[in-house]
Amino acid sequence: MALLEVKNLTYYYPDEKRPALDHINLAIQEGEFVLAVGGSGSGKSSLVRALTGLIPDFYGGRIGGSVQLDGEDLSSLDRSKIVQRIGMVFQDPESQLVMTNVENELAFGMENLGLPVELMKRRIVEVSGALSLQQFLKNSIPQLSGGLKQKVMLASVLAMQPDILILDEPTSQLDPVAGEEILTMVRRLNEDNGITVILIEQRLERCFHLADRILFMDQGKIIYNSNDRKATASWAAANRNPFIPPLAKLFAEVGFAQAPMTVKEGRKLLKSSFHLQRTSSSNNTEIADGPKIKQESPLLEIEKLWFSYENGTEVLKNVNLTLFPSDFLVIMGENAAGKTTLLKNIRGLLHPSRGKIRIKGSEVKTMTVAALAGTVGYLAQNPNDYLFQPTVREEIEFTLHNLKLDKDSKVEMLLEKLALTRYAETNPRDLSTGERQRVALASILAADPLLIILDEPTRGLDYEMKALLGKLLGDLQKEGHALLVVTHDVEFAAEYASEILFMSRGQVLARDNKNVMLSRSIFYSSQIGKLFYKIDDSIVTFQEGKKALSEYFNLNKLEE
Amino acid sequence: MYAYKEQDKLFQSLCCEVSLSYIAALVFLSLFFSHPLYLLALFFALNLVILSAGIVRQWLTYLKFSLTLIFLIILVNALFVRAGATVLLYGVSVPLIGNIRITLEALCYGAGMGLRLLVMLGSFCLLTYAVHPDLILKTLGGGWSKIMLALGISLRLFPLITDDFVRITEAQRCRGVDFKVRNLRQRLEKYVPVLHTVLLSSLERSFQLAESLHSRGYGTTKRTNCREVLWRPRDYLVIVTVLLGSAYGMALVLTGRNGYGYYPKLQPFKEQEIIIAVCLALFFCFPALLDWGWEKWRFLRSKI
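Chains as they are written, first to last, in this note's numbering: chain P, 1 to 560; chain L, 1001 to 1304.
In case anyone wonders, no lab produced these hints; they're calculated from the structure. Predicted model, so just to flag it, every value in this text is computed and none were measured.
Straight-line C-alpha distance at most 20 Å; calculated SDA-like pairs for lysine to any residue:
{"hint": "1", "chain 1": "L", "residue 1": "LYS1180", "chain 2": "P", "residue 2": "ALA370"}
{"hint": "2", "chain 1": "P", "residue 1": "LYS404", "chain 2": "L", "residue 2": "VAL1181"}
{"hint": "3", "chain 1": "P", "residue 1": "LYS344", "chain 2": "L", "residue 2": "LYS1180"}
{"hint": "4", "chain 1": "P", "residue 1": "LYS121", "chain 2": "L", "residue 2": "CYS1015"}
{"hint": "5", "chain 1": "P", "residue 1": "LYS268", "chain 2": "P", "residue 2": "LYS546"}
{"hint": "6", "chain 1": "L", "residue 1": "LYS1190", "chain 2": "P", "residue 2": "LEU349"}
{"hint": "7", "chain 1": "L", "residue 1": "LYS1190", "chain 2": "P", "residue 2": "LEU403"}
{"hint": "8", "chain 1": "P", "residue 1": "LYS138", "chain 2": "L", "residue 2": "GLN1007"}
{"hint": "9", "chain 1": "P", "residue 1": "LYS404", "chain 2": "L", "residue 2": "LYS1190"}
{"hint": "10", "chain 1": "P", "residue 1": "LYS138", "chain 2": "L", "residue 2": "HIS1132"}
{"hint": "11", "chain 1": "L", "residue 1": "LYS1005", "chain 2": "P", "residue 2": "GLN134"}
{"hint": "12", "chain 1": "L", "residue 1": "LYS1005", "chain 2": "P", "residue 2": "PHE136"}
{"hint": "13", "chain 1": "P", "residue 1": "LYS138", "chain 2": "L", "residue 2": "LEU1230"}
{"hint": "14", "chain 1": "L", "residue 1": "LYS1180", "chain 2": "P", "residue 2": "LEU349"}
Listed next, with one range per pair, are the computed distances between beta-carbon atoms:
{"hint": "15", "chain 1": "P", "residue 1": "LYS81", "chain 2": "L", "residue 2": "MET1250", "range": "48 to 54 Å"}
{"hint": "16", "chain 1": "P", "residue 1": "GLN507", "chain 2": "L", "residue 2": "HIS1196", "range": "36 to 42 Å"}
{"hint": "17", "chain 1": "P", "residue 1": "GLN29", "chain 2": "L", "residue 2": "THR1128", "range": "49 to 55 Å"}
{"hint": "18", "chain 1": "L", "residue 1": "LEU1117", "chain 2": "P", "residue 2": "GLY114", "range": "41 to 47 Å"}
{"hint": "19", "chain 1": "L", "residue 1": "MET1250", "chain 2": "P", "residue 2": "GLN143", "range": "40 to 46 Å"}
{"hint": "20", "chain 1": "L", "residue 1": "SER1206", "chain 2": "P", "residue 2": "GLU296", "range": "46 to 52 Å"}
{"hint": "21", "chain 1": "P", "residue 1": "GLU314", "chain 2": "L", "residue 2": "MET1250", "range": "53 to 59 Å"}
{"hint": "22", "chain 1": "P", "residue 1": "LYS304", "chain 2": "L", "residue 2": "ASP1163", "range": "29 to 35 Å"}
Think of the CB as a built atom: it goes at the ideal place given N, C-alpha and C, for glycine as much as any other residue.
Okay, chain P solo, but in the shape it has when bound (with noise of 0.2 Å):
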């Protein structure tokens, strides 16, 4: 008997006539690690939300069907046996944690079961010595990172020792590191103890090889259910379906019958199929490609800066750096490495100890933050917090009011560039976070600025959206907008960036084309660009790994 079984769900949201969940059926086993997929609005959340019983518990709304935990359906259940079994963990720690200490918060779900204080204290000894935290236990949860606070929010749902663990897209507010160790641990957990995990998840290049069974869905509806990796990974390819990782869907698109998942499997696959020899990298000089030397007047020049806070922490020390119109640099580095600093600076919110920034040969320093916005615009990390009117259309007309612009053409050129003609009367805030991102992307764009810059602009974002980003970040600097953007997302900068900026600890540690900077690297490396790395050091892009693939099949077959 499968430990979850849905028979024929259907669900509505209040008020809604299309069913976020349509005609569901799967079944679960004990100890298997499910990998949900889709784009946003697809049902996944909602499926889940659904096995925890949230839906229609919490949510209300219209359900048909069953979900069953071991034959016992979850609507005949008492509220606090499911908990006992079932724990989840959303996408925001922010807004998941409840105490203001870690070992309260580890007990807070025990004590809501009524537990006695004797196991209550055995099981934050055990939870806490598993996921590393003892150290912290006594720690303030505002003082921790983000990354140790989604570890003591999936920390406090074991503490529950439920028999199955959901976790929503648990690493989309995270930086990889953090994210990397979250989904370690959830399959050290699923593999070790037992529990059975059901995952949704972007980041699909990190867990796709870890799950027994991947479920797409699209519109409410499971379009592809199956326990094997590699036929799924050829169906999603064969399907053009964006929601498979960045290998299996290079070595599918060339026509390859296996689609590996990791890159040892790419590289052993690559090697036994076309005998290549590691080439010293230190020899290739072809990548060797530095800054071009240009004609035309910087746009950025920061010389000499140097930042530190008002309690005396020194963040930036010594940066100096050149923006020309049409580049696209992107900024990588450590967590506290300055980035984020570095782009208040620019953008006048904070102002340099020492040293000049000039922007078009005028110093920012001299110039007020609003009367900045028609030459510098500035998306910072979370999008919601430039959405505040009622409709789309009103959200762009109040950048253009402020800068006392006309509207009348603007406000439907760039709903249109963004694609979101469509939700022109729709609030903003009830839009998918990729949705958001355009909208408040568009309240910046309405002020014309020359340079752009973003802060971790595709945190939260899907495979489908990251490539509109990217696409629209594209045409943005063809039309000569200078483009600066801070991001943790390696796959995404050696997409579309044309250069990468390394950052540690306030310092530039160096400056490169993205060929050169993503390519002789362990970590700030593409799945793509490791899949080649030492057998062709240039290749970091999807397109450049899918063109030098092909043409090593093309030349096989000719020896064959």
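Based on these hints, arrange chain L on the given structure of chain P.
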């Protein structure tokens, strides 16, 4: 960020019941006492405890605001209270007040009330910065667990909302909003969208938080309280002095020796009153004295 910061100090290591009792005793006694010497004794003891709890910087910030308030109390009292025999200033007639007549007694009465306010503010400073908020809520929880949880969540969300406000203001500035316009009305109007956005974000967060609470079984059964109350010798020592100090103070109240005659002429301090004040100070500065020993002798630290 939270006001409370974990520190290796004796006051922070006390049982929440003990630290709350200490603070409550100070607040109640300051309300019952009007004798300036007794209030001064409490204020002196409180300052020593604040010093030993390592929250002097925060206390100075409190003082900065409260001294202005105290100055106002003294000024208003001196201007409006016409009682008192020792006239310091007799001046012109002012509408509503009449002839200005400032007496030493009225000034001293204002200062006495200011001192009471300082003791109360100092107690709240100690409560805010030296007692863990979760522990307060858990200790006071009991049958009020829902209210305490709501308070706890508010405590946790407050710094997040403050951060939201800063970020959203920055986002608005980047969209051309100038918050530095001179006209106050215009400036307030510019903050309306900021508050609107903060409210929307807070509502979204509240919904997500409610969902998380529901999925973690909140409200399904009677909650238990995972709280270990470990009483150490230091807790017993402090609670005994707090109880003794409170009993001593209440005895003064019950025998009518808690008051002081400001009017018509300031009553001279008696030797007995000075001794009482010293005793009160000793009772209530005991946590600071214990902390001093705790810091100085490892032996004592290990024993208490």
